[in-house]
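Chain order of the listed sequences is C and L.
Using this note's numbering, the first residue of the first sequence is number 1, and each one after it goes up by one.
Using this note's numbering, the first residue of the second sequence is number 1, and each one after it goes up by one.
Simulated from the structure, these hints should not be mistaken for lab results.
The reader is advised that the hints may include incorrect statements.
[As the list claims (entries may be wrong)] Dumping the calculated EDC-like pairs for lysine to aspartate or glutamate here, alpha-carbon to alpha-carbon at most 20 angstroms:
id : chain 1 : residue 1 : chain 2 : residue 2
1  : C       : Lys72     : L       : Asp54
2  : L       : Lys23     : L       : Asp45
3  : L       : Lys115    : C       : Glu81
4  : L       : Lys86     : C       : Glu99
5  : L       : Lys129    : L       : Asp113
6  : L       : Lys37     : C       : Glu81
7  : C       : Lys22     : L       : Asp43
8  : L       : Lys115    : L       : Asp45
9  : L       : Lys23     : L       : Glu98
10 : C       : Lys19     : L       : Asp45
11 : L       : Lys37     : C       : Asp118
12 : L       : Lys118    : C       : Glu81
13 : L       : Lys37     : C       : Asp69
14 : C       : Lys72     : L       : Asp43
15 : C       : Lys22     : C       : Glu99
16 : L       : Lys118    : L       : Asp36
Here is what each chain is made of, one letter per residue.
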Amino acid sequence: MALNQAFLNRSYPSKETYKVTKDQIDDFAKSIGDSNFYVSDGFASPTFLISIQMGAMQVALFDPELGLDWNKVVHGEQSFEYKKPVQVGDELSFISTIEDIKTKVGNDFITIRSDVKDSNKIDVATLRATLIARGTG
Amino acid sequence: MSNIRFEDVEVGFELPKLTHTYKRQDLVDYANASGDKNRIHLDEDFAKSVGLPDVIAHGMLTMALAGNVVTNWLQDINAIKSFSVKFSSPVVVPNNSEGTLVEFTGKIEEKMDNKQIKIGLEARSQGIKVLGRSVVVAQLS
Numbered sequence: 001m002a003l004n005q006a007f008l009n010r011s012y013p014s015k016e017t018y019k020v021t022k023d024q025i026d027d028f029a030k031s032i033g034d035s036n037f038y039v040s041d042g043f044a045s046p047t048f049l050i051s052i053q054m055g056a057m058q059v060a061l062f063d064p065e066l067g068l069d070w071n072k073v074v075h076g077e078q079s080f081e082y083k084k085p086v087q088v089g090d091e092l093s094f095i096s097t098i099e100d101i102k103t104k105v106g107n108d109f110i111t112i113r114s115d116v117k118d119s120n121k122i123d124v125a126t127l128r129a130t131l132i133a134r135g136t137g
Numbered sequence: 001m002s003n004i005r006f007e008d009v010e011v012g013f014e015l016p017k018l019t020h021t022y023k024r025q026d027l028v029d030y031a032n033a034s035g036d037k038n039r040i041h042l043d044e045d046f047a048k049s050v051g052l053p054d055v056i057a058h059g060m061l062t063m064a065l066a067g068n069v070v071t072n073w074l075q076d077i078n079a080i081k082s083f084s085v086k087f088s089s090p091v092v093v094p095n096n097s098e099g100t101l102v103e104f105t106g107k108i109e110e111k112m113d114n115k116q117i118k119i120g121l122e123a124r125s126q127g128i129k130v131l132g133r134s135v136v137v138a139q140l141s
């Protein structure tokens, strides 16, 4: 099923800010085996923000009008551009934008960009996730 | 900025490699820490019902483990400017004690302007690439 092109360029600001705690940073680092000293200094591992991006994206992706079949979704690509490291006490806001929607050889592709800022509106990072819904035919 | 000096590294340098044996518990731990509790990573019956051979690891766990190759070498979170991966093949994690071994390697591919370097990362399980094109750009001193 082709995705609804009307969703292209739609933006979804996060409704709340996400306060980063030491426990979150520590638990994430432990789950990926990152024992570098920056973690004990209160800084997050490079891919930590995915745990927040996933929640921020779901508002758009779970909208039935989009037509994304979650039973067929796999993660195709992921990127992070870093402006400053995430650390304990950061209060982060996200704006997630549907940047690309296309169908290639029967598979649906959707790319969501999430721009992350701290409470002083300073850029923290930009994430891009490309999800693929595998076609049935 | 890392303590590693731009002048001291050459294109072709191989970062110390890492291996990880994926077990089912790793997926549970990553699901809890990341919040990604999709059942394809946790529930064997569900994974098979959607056409997968078995439970598969979170792609983002594999990205994170590949990232450890770079962070363990640089020892500095500020030095990492960008990190991108393509997921080419899932890591299948059967319910056994052996688990699934994946080897992570990284190599300096390019010395760029402003003392930045481009590191290409690879992850292989039994010779099969589980990541496609994967790159970190890092700032050296």
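How the hints compare with the structure:
1. Under the criterion of a C-alpha separation no larger than 20 angstroms, the hint pairing Lys72 of chain C with Asp54 of chain L is consistent with the structure, at around 15 angstroms.
2. Of the pairs offered as hints, the one joining Lys23 of chain L and Asp45 of chain L holds, with about 17 angstroms between alpha carbons and a cut-off of 20 angstroms not exceeded.
3. Of the pairs offered as hints, the one joining Lys115 of chain L and Glu81 of chain C holds, with about 17 angstroms between alpha carbons and a cut-off of 20 angstroms not exceeded.
4. Of the supplied pair hints, the one linking Lys86 of chain L and Glu99 of chain C holds, its CA atoms being roughly 17 angstroms apart against a limit of 20 angstroms.
5. In summary, the hint linking Lys129 of chain L to Asp113 of chain L is not supported, as the alpha carbons are separated by about 30 angstroms, beyond the 20 angstroms threshold.
6. With a C-alpha separation of about 25 angstroms, the suggested pair Lys37 of chain L and Glu81 of chain C falls outside the 20 angstroms cut-off, and the hint is violated.
7. Between Lys22 of chain C and Asp43 of chain L the alpha-carbon distance is near 29 angstroms, which puts this suggested pair outside the 20 angstroms criterion.
8. For the hint linking Lys115 of chain L to Asp45 of chain L, the alpha-carbon distance of about 50 angstroms lies beyond 20 angstroms, and the restraint is violated.
9. In summary, the hint linking Lys23 of chain L to Glu98 of chain L is supported, as the alpha carbons are separated by about 8 angstroms, within the 20 angstroms threshold.
10. In summary, the hint linking Lys19 of chain C to Asp45 of chain L is not supported, as the alpha carbons are separated by about 36 angstroms, beyond the 20 angstroms threshold.
11. Taking the CA atoms of Lys37 of chain L and Asp118 of chain C, the gap is near 27 angstroms; set against the 20 angstroms cutoff, the hint is violated.
12. In summary, the hint linking Lys118 of chain L to Glu81 of chain C is supported, as the alpha carbons are separated by about 14 angstroms, within the 20 angstroms threshold.
13. Note on Lys37 of chain L and Asp69 of chain C: the hinted pairing holds, with a Cα-Cα distance of about 17 angstroms set against a maximum of 20 angstroms.
14. Between Lys72 of chain C and Asp43 of chain L, the direct Cα distance comes to roughly 15 angstroms. Compliance with the 20 angstroms bound is thereby established for this hinted pair.
15. The suggested pairing of Lys22 of chain C with Glu99 of chain C is violated, with an alpha-carbon distance near 32 angstroms, which exceeds 20 angstroms.
16. Between Lys118 of chain L and Asp36 of chain L the CA atoms are separated by roughly 29 angstroms; this puts the pair beyond 20 angstroms, and the hint is violated.
In this structure, the hints that do not hold are numbers 5, 6, 7, 8, 10, 11, 15 and 16, in rising order.
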